[in-house]
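**Q** Sequence:
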Amino acid sequence: MIGRDIAMQRLYAAIYMLNPSQRTIKTYNKIAKEYAARGYNNPLFWHREFKIFQKLISGKRVIDIGCGSGKDALLFIKNKFDYIGIDASSGLLHEARKFVKSGKFILMNFYKLKFPQNHFDGFWAAASLLHIPKRRVAKVLRAIRKIIKSQGIGFIALKEKRHLDEGIIKEKKHGGIERYFAFYTKVEFQKILEQNGFKILRNHIHQEEDTNWLCYFVRKI
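Count the sequence shown with our numbering and you get residues -2 to 218, in order.
Just so you know, these hints were derived from the structure itself, not from any lab.
Being a predicted model, the structure only gives us computed values, none of them experimental.
One or more of the hints may lead you astray.
Here are the computed lysine-lysine pairs in the BS3-like style, where the Cα-Cα straight-line distance is at most 30 Å [stated by the list, open to error]:
1) LYS48 <-> LYS101
2) LYS156 <-> LYS52
3) LYS169 <-> LYS27
4) LYS136 <-> LYS183
5) LYS167 <-> LYS109
6) LYS95 <-> LYS188
7) LYS101 <-> LYS75
Starting from the given sequences, assemble the full structure and let the hints guide the process.
**A** So this is what it looks like as structure tokens:
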């Protein structure tokens, strides 16, 4: 029995190593407090994009997919939106609940969104879908589309591809961390959106030091 237990532990470890999403979640749980503090120092990073989103959307019921530490929740709550934030990191959600006491935050897997069909007027996915492996991003987009109302509005921000297509990136900050990232070209992700039931209303690049953020405003079709 002991030998069997060891074999199972090794199997689970091997599966974990092959699952970049779980490795990324573990990292965010580890650095949640420091990561949240950094975000709170720049709460208006997506302010321009929020204003555009606000003008495009009809209705107030919004889901923030990958809400992290709740930084963007402040924009929605301040502007009277019926807001729900979801994330796969329990550590980040712990920080969100401390920072935004009036926010509603739920621990949830992006692949299985447990909401009724056609429930939300729009969705917000700022710097979250970039942690989804490319082979699975279409599944996540279809899951999102299912819970958004007809003609519902969405915002997505991803990092522009320069050299790496996708993979685990090791960083020295926070004492050494590993996170999975998927990088896209403008046209590449545009095709993925169109193939999965979204019309692009407008897009632009949000520049941040050495990063170009590809920003898409979409409508469910």
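**Q** Run the distance test for LYS48 versus LYS101: straight-line Cα separation, threshold 30 Å.
**A** It holds: about 21 Å lies between the C-alpha atoms, which stays within 30 Å.
**Q** Between LYS136 and LYS183, does the CA-CA distance stay at or below 30 Å?
**A** holds, 20 Å
**Q** Would the hint linking LYS101 and LYS75 be met if the CA-CA limit is 30 Å?
**A** Distance ~14 Å between LYS101 and LYS75 Cα, so the pair holds.
**Q** What's the verdict on LYS169 and LYS27, does the C-alpha distance respect the 30 Å limit or exceed it?
**A** holds, 14 Å
**Q** Can you confirm whether the C-alpha distance between LYS167 and LYS109 stays at or below 30 Å?
**A** Within the cut-off at roughly 28 Å; holds.
**Q** Does LYS188 sit within 30 Å of LYS95, going by the straight-line distance between their CA atoms?
**A** violated, 39 Å
**Q** LYS156 and LYS52 were given as a pair; does the straight-line alpha-carbon distance stay at or below 30 Å?
**A** Holds, at roughly 24 Å.
When held up to the earlier numbered hints, the structure conflicts with hint 6 and nothing else.
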